[in-house]
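**Student:** With chain A fixed as given, assemble chain B onto it according to the hints.
Just so you know, the sequences run in chain order A and B. Using my numbering, read the first sequence as starting at 1 and increasing by one per residue. Using my numbering, read the second sequence as starting at 201 and increasing by one per residue.
Wrong hints could be hidden among the right ones.
To be verified - Here are some chain A residues the structure puts well away from chain B; computed CB gaps all over 12 angstroms:
{"id": "1", "residue": "H32"}
{"id": "2", "residue": "Q35"}
{"id": "3", "residue": "T65"}
{"id": "4", "residue": "S164"}
{"id": "5", "residue": "V165"}
{"id": "6", "residue": "K166"}
{"id": "7", "residue": "F182"}
Stated by the list, open to error - Chain B is faced by these chain A residues, among others (derived, beta-carbon under 10 angstroms):
{"id": "8", "residue": "S4"}
{"id": "9", "residue": "I12"}
{"id": "10", "residue": "E13"}
{"id": "11", "residue": "Q27"}
{"id": "12", "residue": "A30"}
{"id": "13", "residue": "E66"}
{"id": "14", "residue": "P89"}
{"id": "15", "residue": "S137"}
{"id": "16", "residue": "E138"}
{"id": "17", "residue": "Y155"}
As the list claims (entries may be wrong) - Subject to a maximum C-alpha distance of 35 angstroms in a straight line, what follows is the list of computed DSBU-like cross-link-like pairs (lysine-lysine):
{"id": "18", "chain 1": "A", "residue 1": "K54", "chain 2": "B", "residue 2": "K254"}
{"id": "19", "chain 1": "A", "residue 1": "K24", "chain 2": "B", "residue 2": "K366"}
{"id": "20", "chain 1": "A", "residue 1": "K161", "chain 2": "A", "residue 2": "K130"}
Source of the hints: derived by calculation from the structure; they are not laboratory data. Note that beta-carbon positions come from the ideal geometry of N, C-alpha and C, so glycine has one too.
Protein chains: 2
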Amino acid sequence: LEYSSRTLELLIEALCRLPGIGAKSAQRIALHLIQEGKGEAEQLAQAILDLHNKVSSCSICFNLTEEDPCAICRDPKRDESRICVLEEPKDLLAIERTGIFRGKYHVLGGVLSPLDGIGESHLHIQELMKRMHPGISEIIIATNPTVEGELTAAYLARLLKPLSVKVTRIARGIPYGGSLEFNDMVTLSKAMEGRLEVES
Amino acid sequence: LEYSSRTLELLIEALCRLPGIGAKSAQRIALHLIQEGKGEAEQLAQAILDLHNKVSSCSICFNLTEEDPCAICRDPKRDESRICVLEEPKDLLAIERTGIFRGKYHVLGGVLSPLDGIGESHLHIQELMKRMHPGISEIIIATNPTVEGELTAAYLARLLKPLSVKVTRIARGIPYGGSLEFNDMVTLSKAMEGRLEVES
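Same shape as in the complex, but just chain A:
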């Protein structure tokens, strides 16, 4: 826009690069930050700057943390014999939110993707192998049920097999509250394959 402020434009451009923020939301947020007073804007800017200064990866599980090792790796109450393997920190947050899993985690930092040139060395797979010891009873592979996620799961399962540890995969099927007709063929096939006997 011919007459608008360069500072405002730069902020709107920076906001547009964030996921899920379009041009209109970016403008609304920028104008909100002007109108709300300096305090709120400075607080937000500081929180963004703190991110890279204070938050880093746990050297054991690669979860995001301010202290190394992270709180989960340090917690003696968590079951050390089970490790849940995930793609990204956001997946860890999603599982933690359910409260159902009380073991440890391992964040791969992505998935194998031969087409994008992402191989084993780009992920924290060797670090997972180093964590393996006789006390570990189960590795739960919780990568996403995508082509790459399944490929990564299969690769890890093959790698872990010689260690004679139980390797499991999170269930794939119809989402809770979903309906059969709105699920794609692959989901339906996997749901059929993964059927369990109903206990009476």
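**Tutor:** Using the frame of chain A, we list chain B on its own:
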């Protein structure tokens, strides 16, 4: 969340206070800012900090600007005889984007709202009156067609009447591309009232 980073939580909280950002988007943005590297995060933080340091209100029209008076008030090519009166800077941006208006602006900084205790003294109404001089031929009142916007428009029209200046109000009616049946009764009534003779 029990194990999450305090720094991350603070950022997610700050992002949630922005308009249109919910808990899920805030988390996605925060994780994006960690993964994208320090450069992008610092750029965004700096753009937010610059906002209050560099951008302020034009002392003539109260548009947002980095120089006072703003580029529109300084521009000799803009028609000085017409002033378009608006609620907020975002309304000015919306009209500028159409390119249809080449006069000057006056941003009120809100609308009269007796229930919220917002009276004449809270808006830049006196400053508008001081801008009035015999060279001004038209005041276009472009407050929003809400209860408060209409109240403010009526108030301004009454205030400007003794100055024998032409006071106009932007047209209210069916939005372009809209259909009659999906518009509320007030919009339809105003569209009927505001009907114009079709030129042949």
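**Student:** Hint validation: A:E138 versus chain B, beta carbon distance must be below 10 angstroms. Holds or violated?
**Tutor:** Cβ of A:E138 sits 20 angstroms from chain B, so the hint is violated.
**Student:** Is the Cβ of A:Q35 more than 12 angstroms away from each Cβ in chain B?
**Tutor:** It is violated; A:Q35 is separated from chain B by about 8 angstroms at its closest Cβ, not greater than 12 angstroms.
**Student:** Would you say A:F182 is clear of chain B, with no C-beta pair closer than or equal to 12 angstroms?
**Tutor:** The claim holds: A:F182 sits with its nearest Cβ about 22 angstroms from chain B, beyond 12 angstroms.
**Student:** Close enough to count: is the Cβ of A:P89 nearer than 10 angstroms to one in chain B?
**Tutor:** 6 angstroms, holds
**Student:** Should the hint that A:S137 touches chain B count as held when the rule is a Cβ pair under 10 angstroms?
**Tutor:** This hint is violated: A:S137 lies away from chain B, its Cβ roughly 22 angstroms from the closest one there, beyond 10 angstroms.
**Student:** Is the shortest C-beta separation between A:E13 and chain B less than 10 angstroms?
**Tutor:** 8 angstroms, holds
**Student:** With chain B as the partner, please determine if A:Q27 meets the hint condition of a C-beta pair closer than 10 angstroms.
**Tutor:** 7 angstroms, holds
**Student:** Hint check: A:K54 vs B:K254, CA-CA at most 35 angstroms. Holds or violated?
**Tutor:** 28 angstroms, holds
**Student:** Is it the case that A:K166 keeps its Cβ farther than 12 angstroms from each residue Cβ in chain B?
**Tutor:** 25 angstroms, holds
**Student:** For A:T65, is the shortest CB-to-CB distance to chain B above 12 angstroms, so the non-interface label stands?
**Tutor:** For A:T65, whose nearest Cβ neighbour in chain B is about 6 angstroms away, the distance does not exceed 12 angstroms, so it is violated.
**Student:** Is A:S164 truly not at the interface, in the sense that its beta carbon sits beyond 12 angstroms from all beta carbons of chain B?
**Tutor:** Answer for A:S164: holds, closest chain B Cβ roughly 31 angstroms.
**Student:** Report holds or violated for the interface hint on A:I12, using the least CB-CB distance to chain B and a cut-off of 10 angstroms.
**Tutor:** 9 angstroms, holds
Consistency with the previously given hints fails for numbers 1, 2, 3, 15, 16, 17, ordered from lowest to highest.
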